[in-house]
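Starting from the structure of chain A, add chain B where the hints point.
Line by line, the protein sequences give chains A and B.
With the working numbering, you'll find the first sequence wraps up at 253, consecutive numbering, no jumps.
With the working numbering, you'll find the second sequence wraps up at 253, consecutive numbering, no jumps.
If you're looking for bench data, these hints aren't it; they were derived computationally from the structure.
Only a predicted model underlies this, so the values are computations on that prediction, with no experimental measurement involved.
Errors might be hidden in some of the hints.
The list makes no distinction among identical chains, and a pair is therefore deemed to hold if it is satisfied within one copy or across any two copies.
Quick list of in silico lysine-lysine cross-link-like pairs, BS3-like style, CA-CA up to 30 Å [to be verified]: (1) LYS113 with LYS241; (2) LYS241 with LYS115; (3) LYS113 with LYS21; (4) LYS183 with LYS21; (5) LYS241 with LYS183; (6) LYS215 with LYS113; (7) LYS115 with LYS21; (8) LYS215 with LYS241; (9) LYS215 with LYS21; (10) LYS113 with LYS183; (11) LYS183 with LYS115.
There are 2 protein chains.
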Amino acid sequence: MPATCHPAQTHQNHDKSFEHTAREAVYHAIFGRRDVRSHFSPEPLEDAVLARLLTAAHHAPSVGYMQPWNFIVIRDMARRERMRDLFFAAREQELPNIAAERQALYRKLKLEGICESAVNLCITCDRSRAQNSPLGRWHNPQMDLYSTVCAVQNFWLAARAEGVGVGWVSILDERAVKRELEIPAHVAPVAYLCVGRVSQFANRPDLEEKGWGSRLPLPGLIMSETFGGSGEAALKDAVLRGFPSLRS
Amino acid sequence: MPATCHPAQTHQNHDKSFEHTAREAVYHAIFGRRDVRSHFSPEPLEDAVLARLLTAAHHAPSVGYMQPWNFIVIRDMARRERMRDLFFAAREQELPNIAAERQALYRKLKLEGICESAVNLCITCDRSRAQNSPLGRWHNPQMDLYSTVCAVQNFWLAARAEGVGVGWVSILDERAVKRELEIPAHVAPVAYLCVGRVSQFANRPDLEEKGWGSRLPLPGLIMSETFGGSGEAALKDAVLRGFPSLRS
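So that you can see chain A by itself, here it is in the shape it has in the complex:
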């Protein structure tokens, strides 16, 4: 990538906003990002691309500039098969907790691409990294986990721009993951990701396509001043006018 990637040098309007097409590209990444399970293609993923995605992750905000993350790259197919088996076991454990009338649908859902994707990535959070300067964590010790999730989302959006699919596998027993990946006690595995080139990015989220759920109307989620507070009529109107192409 050329030096023009530096924030001070490109795309900037006088009011600090991006030019129209650049701004549109950011929204394109946000709206076109998918939790990919079914559409991984067998191509390998170039190190240069994975390196850019990790750099994006590493530029996430972190509480007290703690940067608590590590990135475990998992390529070995035997290990990935064991991880997939952990997923299958976890799915069986989760099943009885799903409402009875939805269990058949649950069983049909494709919820991971552990062995089909080019590479797996575990993004972890080292809870002890800033032991002597826990700025911003005293009241909410979870902030380091939240910082790590910001890194996951940076990775995911950069991946969309690179044409790379990402799927977050959350149906896993954390203790089993820690054993398999030899993760020490003070480190939390925050996200287990399947990463790779894809045959397509679906137009809608899988769980919407398959009838598991639908997108909630955004105006109903906006509140004014306090939780449940009515108001913000003009803002809610603006939401409905905002992106005509997103209305389904």
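Frame of chain A; chain B shown alone:
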């Protein structure tokens, strides 16, 4: 925004990646995003812009398509002054937990823009929203909080593209925030954000500028197969070659 924002319609290369300039714009948002405290300008924030940012947040991934978030828009200055007082009180509580030699620096840091920003936003997580279909949360009940953080990061990156600054205030007592914003027991306030137009986006993170910390070398955070596993030499080389302009 025109209909061309739809993911299927713009910027796509044959291999699903964005065209060069669009991809660069996404990295620009990621690398140029700042946790803004000092540079808010007094201009108001247009509803149309805030609406787009909320739409971006609402398109975050969520576990089991739960969409657990709500958005409380706080404009009332009396309430914001009370929130700022909560911050001051929390900062005093955190101070004794900071290493003695860093307390003077800590006191000098500007850590919030609650009253100077155009608007405040509390992004919450309704822990009960998917009670009958907790897909993907049985093993890790925190996944709904993580989904909400993904919404925060979407909001933050879209804001950068719109020329809008965002600062996450984490030095707050959660119970006090819940009282002030009348947030019920089953809802968690995940992020309290200051949002508004800015006079500048700094070239480097504030905490780096002020000598609180520096960016860790990314290759040292990459591991192979297991935690602490050496390897991935080619990937680490690619990281160092990736974005020359980012080397400091």
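Going through the hints against the structure:
1. In this homomeric assembly, LYS113 and LYS241 never come within 30 Å of each other (Cα to Cα): the closest approach is 37 Å inside a single copy and 39 Å across copies.
2. For the identical chains of this complex, LYS241 and LYS115 are neighbours neither inside a copy (35 Å) nor across copies (33 Å), given an alpha-carbon limit of 30 Å.
3. Only between protomers do LYS113 and LYS21 lie at most 30 Å apart by alpha-carbon distance; the minimum there is 27 Å, versus 47 Å within a single protomer.
4. For the homomeric pair LYS183 and LYS21, neither the shortest alpha-carbon distance inside one copy (44 Å) nor that between copies (34 Å) is at most 30 Å.
5. Within a single copy, LYS241 and LYS183 get their C-alpha atoms only as close as 44 Å, which misses the 30 Å cut-off; across copies the closest is 24 Å, which meets it.
6. When the C-alpha separation of LYS215 and LYS113 is checked against a cutoff of 30 Å, the pair qualifies only within one copy, where the shortest distance is 9 Å, while the shortest distance between copies is 53 Å.
7. Taking the closest pair of Cα atoms, LYS115 and LYS21 come within 30 Å of each other only across two copies (22 Å); inside a single copy the shortest separation is 42 Å, beyond that limit.
8. When the C-alpha separation of LYS215 and LYS241 is checked against a cutoff of 30 Å, the pair qualifies only within one copy, where the shortest distance is 29 Å, while the shortest distance between copies is 39 Å.
9. In this homomeric assembly, LYS215 and LYS21 come within 30 Å of each other (Cα to Cα) only across copies, at 23 Å, whereas the closest approach inside a single copy is 41 Å.
10. In this homomeric assembly, LYS113 and LYS183 come within 30 Å of each other (Cα to Cα) only inside a single copy, at 28 Å, whereas the closest approach across copies is 40 Å.
11. When the C-alpha separation of LYS183 and LYS115 is checked against a cutoff of 30 Å, the pair qualifies only within one copy, where the shortest distance is 24 Å, while the shortest distance between copies is 38 Å.
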